[in-house]
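What follows is each chain in one-letter form.
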Amino acid sequence: MSVRQQVLMLWLASPSLDARVLGWSFFDGTAGAGPQPSADPPYDSGVAALLDGWRLLQMSPLIPPTPGHERETSFLKHEFVFERLIDV
Amino acid sequence: MFEAVVPDEINALAMERLPQLFRGWLDEFRGVSAGAPDADEREDGSPLPRSGTTLDAAYAPDSPFGALVRLPVIAGAIQSLVGADPVVDHHFVHIKSAGDLHAQGLHCDAIIDQGPAFDIQLFWFPHDVAPGEGGTRFVPGSHLRRVNMDDVARYHHLAGEQYFTGPAGTVIIFHQGLWHAGAPNRGARDRVMGKLRLNPTQPQVRLWDTSDLAARNRNDDHMFARMEPSAVATTLRHSERWYEPSSHRLETVQRSHLWRYLTGDDSFDVDWYLTRTERRAALVAP
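Chains as they are written, first to last, in our numbering: chain A, 1 to 88; chain B, 1001 to 1286.
What the hints contain is simulated information worked out from the structure, not anything from laboratory work.
Any given hint could turn out to be false.
Covered by chain A, per the in silico footprint, the following chain B stretches (three or more residues, Cβ under 8 angstroms) [unchecked claim]:
(1) 1018-1027
(2) 1124-1130
(3) 1134-1147
(4) 1250-1260
Heads up, the beta-carbon is just placed ideally off N, CA and C, and yes, glycines get one too.
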């Protein structure tokens, strides 16, 4: 038996972890052997992922806008990365 | 989107010729055709036009793309968006083979294109595309985001994204910046799509039927003051399910800038975002 990592990325509506999910991606180090997301989105908020056992690895820092580009839009702003470790 | 706008005989021609065009491009890309006759002399009747060729000279009327752009509805849409004399940037044929389950990464074409002027891209599906059969994935409202190519490939699922499905002969016209991706094809036949990118050669100012514009184009429509349902602002204020609320307001500002370009009206605004800051700025001595 060995341990593999699953990664869940959530993009939320605000920088707060309890905000609603706008988008998500799932990267599976178990190649399908571990549990899989069963809903779209798999959770309604970042906190809901915590409640299901996911561990938060990283969140987007709050960075002031670049002068002269304050009103431009680009990537989704509030990215949260979670992991869980699965025995396979 | 123009659903089933292309007649069956032109779709049939496309199903015959577009795969040939794709293979011809592959040969060119690989250098197989080095020393072969010039592209303009191809025997299939649908040459790869050089970038910058005027649209009316780029394709023979009896070629698939030539027939497509001469359809009155399509010709009218093109003229409304990029004017009467656009030039061809390029076309490409995308084939998603039956059983190809690879999900292409989300991307926008080319690079970050600055400024309000924009190209259009026609996506032509010459056969029926049912759910799961490789219809292009696309993200409504993504076209004004400043991102480069596939730097958005990380986003596998976004609320409100769509996958094209529709009848044969449907054409979707996208702003060049719209995020999109090839989707898995779980169907039994190859999915064929012809894509044509056109550049404007004139300012894209009031190129469409603007007979109702004056009555709807007021600049004082404000979601916290007075709103008119028929106002342009009502359309431009629309949010997408994948927008952060804070980004939605900035998207509204970007749309206002684009609408100012399209209408030539530098006073246009939605929800007063631009007006209040411009008026304040005018109060400050340089």
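Numbered hints the structure breaks, given as an ascending list
1, 2
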